[in-house]
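Now for the letters of each chain:
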Amino acid sequence: MEHKKTVAKLLLAVVGMFGFGFALVPLYDVFCDITGINGKTKGRYELSDAQNMTVDEARLVRVQFTTSNNESMPWEFRPVVSEIKVHPGKLMSVDFYAKNPTSRNMVAQAVPSLSPSQGIDYFHKTECFCFNQQALGPGEEVLMPLRFVVDKALPKELKVLTLSYTLFDQPVVSEVEMEQGTFNLQIAAH
Amino acid sequence: MSATAETAIENTHSDEHHGPAKGIARWLFTTNHKDIGSMYLWFSFIMFLLGGCMALTIRAELFQPGLQLIEPEFFNQMTTLHGLIMVFGAVMPAFVGLANWMIPLMVGAPDMALPRMNNWSFWILPFAFSLLVSTLFMEGGAPNFGWTFYAPLSTTYAPDTVTYFIFGVHMMGISSIMGAINVIATILNMRAPGMTLMKMPLFVWTWLITAFLLIAVMPVLAGVVTMMLMDVHFGTSFFNAAGGGDPVLFQHIFWFFGHPEVYIMILPAFGVVSQIIPTFSRKPLFGYHSMVYAVGSIAILSFIVWAHHMFTVGMPLFGELFFMYATMLIAVPTGVKVFNWIATMFRGSLTFETPMLFSIAFVVLFTIGGFSGLMLAIAPSDFQYHDTYFVVAHFHYVLVPGAIFGIFAAVYYWLPKWCGRMYSEALGKWHFWLSFVGMNLAFFPMHFLGLAGMPRRIPDYALQFADFNQISTVGAFMFGSTQLLFLYLVIKAIRSGEPATDQVWESAEGLEWTIPSPAPYHTFSTPPEVK
Numbered sequence: 275m276e277h278k279k280t281v282a283k284l285l286l287a288v289v290g291m292f293g294f295g296f297a298l299v300p301l302y303d304v305f306c307d308i309t310g311i312n313g314k315t316k317g318r319y320e321l322s323d324a325q326n327m328t329v330d331e332a333r334l335v336r337v338q339f340t341t342s343n344n345e346s347m348p349w350e351f352r353p354v355v356s357e358i359k360v361h362p363g364k365l366m367s368v369d370f371y372a373k374n375p376t377s378r379n380m381v382a383q384a385v386p387s388l389s390p391s392q393g394i395d396y397f398h399k400t401e402c403f404c405f406n407q408q409a410l411g412p413g414e415e416v417l418m419p420l421r422f423v424v425d426k427a428l429p430k431e432l433k434v435l436t437l438s439y440t441l442f443d444q445p446v447v448s449e450v451e452m453e454q455g456t457f458n459l460q461i462a463a464h
Numbered sequence: 090m091s092a093t094a095e096t097a098i099e100n101t102h103s104d105e106h107h108g109p110a111k112g113i114a115r116w117l118f119t120t121n122h123k124d125i126g127s128m129y130l131w132f133s134f135i136m137f138l139l140g141g142c143m144a145l146t147i148r149a150e151l152f153q154p155g156l157q158l159i160e161p162e163f164f165n166q167m168t169t170l171h172g173l174i175m176v177f178g179a180v181m182p183a184f185v186g187l188a189n190w191m192i193p194l195m196v197g198a199p200d201m202a203l204p205r206m207n208n209w210s211f212w213i214l215p216f217a218f219s220l221l222v223s224t225l226f227m228e229g230g231a232p233n234f235g236w237t238f239y240a241p242l243s244t245t246y247a248p249d250t251v252t253y254f255i256f257g258v259h260m261m262g263i264s265s266i267m268g269a270i271n272v273i274a275t276i277l278n279m280r281a282p283g284m285t286l287m288k289m290p291l292f293v294w295t296w297l298i299t300a301f302l303l304i305a306v307m308p309v310l311a312g313v314v315t316m317m318l319m320d321v322h323f324g325t326s327f328f329n330a331a332g333g334g335d336p337v338l339f340q341h342i343f344w345f346f347g348h349p350e351v352y353i354m355i356l357p358a359f360g361v362v363s364q365i366i367p368t369f370s371r372k373p374l375f376g377y378h379s380m381v382y383a384v385g386s387i388a389i390l391s392f393i394v395w396a397h398h399m400f401t402v403g404m405p406l407f408g409e410l411f412f413m414y415a416t417m418l419i420a421v422p423t424g425v426k427v428f429n430w431i432a433t434m435f436r437g438s439l440t441f442e443t444p445m446l447f448s449i450a451f452v453v454l455f456t457i458g459g460f461s462g463l464m465l466a467i468a469p470s471d472f473q474y475h476d477t478y479f480v481v482a483h484f485h486y487v488l489v490p491g492a493i494f495g496i497f498a499a500v501y502y503w504l505p506k507w508c509g510r511m512y513s514e515a516l517g518k519w520h521f522w523l524s525f526v527g528m529n530l531a532f533f534p535m536h537f538l539g540l541a542g543m544p545r546r547i548p549d550y551a552l553q554f555a556d557f558n559q560i561s562t563v564g565a566f567m568f569g570s571t572q573l574l575f576l577y578l579v580i581k582a583i584r585s586g587e588p589a590t591d592q593v594w595e596s597a598e599g600l601e602w603t604i605p606s607p608a609p610y611h612t613f614s615t616p617p618e619v620k
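Heads up: the sequence lines are chains A and B, in that order.
In terms of this note's numbering, the first sequence opens at residue 275 and continues consecutively.
In terms of this note's numbering, the second sequence opens at residue 90 and continues consecutively.
Keep in mind the hints are simulated off the structure, nothing from the lab.
Glycine residues also receive a C-beta, built at the ideal position from the N, C-alpha and C atoms.
Treat the hints loosely; a few may be bogus.
[Said to hold, decoys possible] If you want a taste of the chain B side facing chain A, the calculated C-beta under 7 Å gives, among others: (1) A202; (2) I266; (3) A274; (4) I304; (5) A305; (6) P308; (7) G312; (8) A330; (9) L338; (10) I342; (11) S606.
Let's have the full structure, built from the sequences with the hints guiding it.
This is the structure in structure tokens:
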């Protein structure tokens with residue numbers, strides 16, 4: 275019958291579009307990654323590459339650090355220094371302070387964002403606490419490291435880069451959620 | 090041999106001339122496109138009244154500044170359910186009802202292509218909306234995150250009833266998709282011999298394109314609510330930044346569905362008006378081909394403009410410009426359509442029966458809604474208008490005198506064919522003028538409120554907005570109560586209207602006017618010949 279053919283084609287289109295809705299999720303990430311429009315910083319940068327970079331002594335770029343807590347997150351969370359001046363090409367290291375003031379075990383995930391977004395391709399992190407989740411017991415505190423290098427190719431008009439971290443509460447109770455945690459870690463590392 | 094063959098033929102014949110079954114079974118098990126069309130229309134009218142009551146609750150609360158009648162939490166539930174019920178319960182099923190009734194009659198087919206699926210796609214709807222509306226009586230209350238259900242309001246902070254909402258949307262989506270498949274199969278496979286695509290009435294054309302839009306975007310809606318379901322119950326992080334997701338992604342996926350959706354609600358109305366204006370202008374439609382191409386271009390463009398709903402989320406400049414210009418491009422085919430309707434009326438022998446009045450009001454008021462849409466499309470000014478009452482004014486101008494006036498016009502135009510009786514022209518004119526004045530009183534002041542900075546979706550407002558809000562509330566109650574007059578006049582027409590002729594309207598053209606009034610239970614059992 276004629277109808278069967280038509281219906282089969284249309285059902286195929288329906289299934290395809292349902293799939294397309296889900297395909298938009300990775301497509302969105304890829305698109306944002308290529309265009310750098312989402313403020314998401316890149317994943318881990320090779321330490322050897324960073325060390326091999328020559329330093330541009332003539333130029334100084336200001337790098338600012340800001341932090342905020344997601345709504346229900348009770349931790350103290352702040353950068354130890356809120357701004358440093360760096361020579362592009364030089365490997366820098368800064369610390370962020372975090373404290374769990376509550377009386378329970380908690381796990382946190384920091385999500386970074388860089389502004390202006392044109393600088394994303396030139397900001398390389400060789401080590402970041404945002405690559406992993408951070409667990410703290412009641413009253414515990416920690417200094418979390420960030421090591422980065424600003425690429426020498428950073429466009430001339432960019433003089434200030436602002437790196438912001440938002441700290442999220444990651445409830446971890448069951449194993450399922452622990453698995454979820456490793457899943458997050460992979461995404462963050464990307 | 091030949092004798093048995095003849096009896097066999099006679100038997101099939103007598104089967105075809107069976108009337109409808111008696112009692113409730115007729116409606117539960119019917120596969121007749123006319124029965125199903127009527128059920129869709131009645132269902133959508135009930136939803137229209139229900140959603141209307143919610144709108145009046147909102148307007149009553151907004152009559153004065155301060156909180157008088159309802160709690161803010163309940164107010165949010167009202168705005169959410171009002172939007173969902175009007176979009177998915179009133180406008181869309183009404184157009185599917187019109188499609189069921191009219192498409193087979195207009196293309197000369199005996200019924201829809203898949204009659205049993207047709208029955209199913211209707212009967213899903215009452216269950217879907219019972220599921221949705223029942224949340225009002227549950228602990229935690231109905232969904233309160235707006236009809237756009239942005240994450241994380243609809244995920245992290247959602248009431249527990251969000252799951253009922255999600256399954257309700259799934260069911261509506263399945264119903265719409267089945268309806269769309271039916272429409273496409275009917276139009277592509279069952280046209281009378283001689284009726285080429287470019288000879289189809291415009292209502293059929295607009296529905297064909299609408300059905301393709303439905304096929305393309307309803308699955309995406311199903312996908313996005315499924316992601317919500319997984320975020321809420323199964324620990325995924327599609328829209329949760331803490332887990333590597335992104336709430337802005339929700340808005341992108343939602344509006345990828347949502348923008349074509351607004352054309353799903355208006356294109357069939359374009360078709361209705363394109364049928365009615367030529368009839369009462371006693372001239373053929375001006376620019377038939379350009380009308381078809383305009384609808385096609387609007388449908389295609391609707392897929393590349395979605396982010397104009399989210400100019401303020403923090404898009405790069407290039408994105409803002411792209412979506413701004415793409416949106417403005419839609420004004421071109423829309424302008425072609427408005428031009429053609431006016432050119433059809435130009436130097437025609439116009440008469441102003443109720444369907445024509447609604448159609449002319451459609452052209453004028455929809456154009457106003459289109460212009461405020463253009464204002465919103467200008468990205469830099471949208472930062473000012475975003476989430477204000479100006480947006481509310483805009484989309485009510487395209488939906489009420491757009492989609493809903495289109496439906497009213499269609500009902501007046503084809504009601505005599507459906508029930509074989511004329512409605513009272515005097516009551517029809519009362520209904521039109523009261524609706525026209527009420528609707529403008531309700532929605533026009535919202536433009537000013539929005540430009541003055543009144544945000545949408547709030548139960549209370551600053552003192553200086555009081556006057557326009559009072560006018561708006563008066564208009565809303567006027568428009569709302571007028572719809573009871575509509576109900577009365579339709580029932581009166583069905584019961585005791587003057588008998589209608591087969592032709593009904595002096596210069597109406599098309600296959601639907603060649604059959605008797607009221608349309609027999611089975612029509613075009615032998616396909617008509619179209620020259």
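Check your understanding: Are there hints from earlier that the structure breaks, and if so, what are their numbers?
Key -> Going through the list in order, the structure violates hint 11 alone and respects the others.
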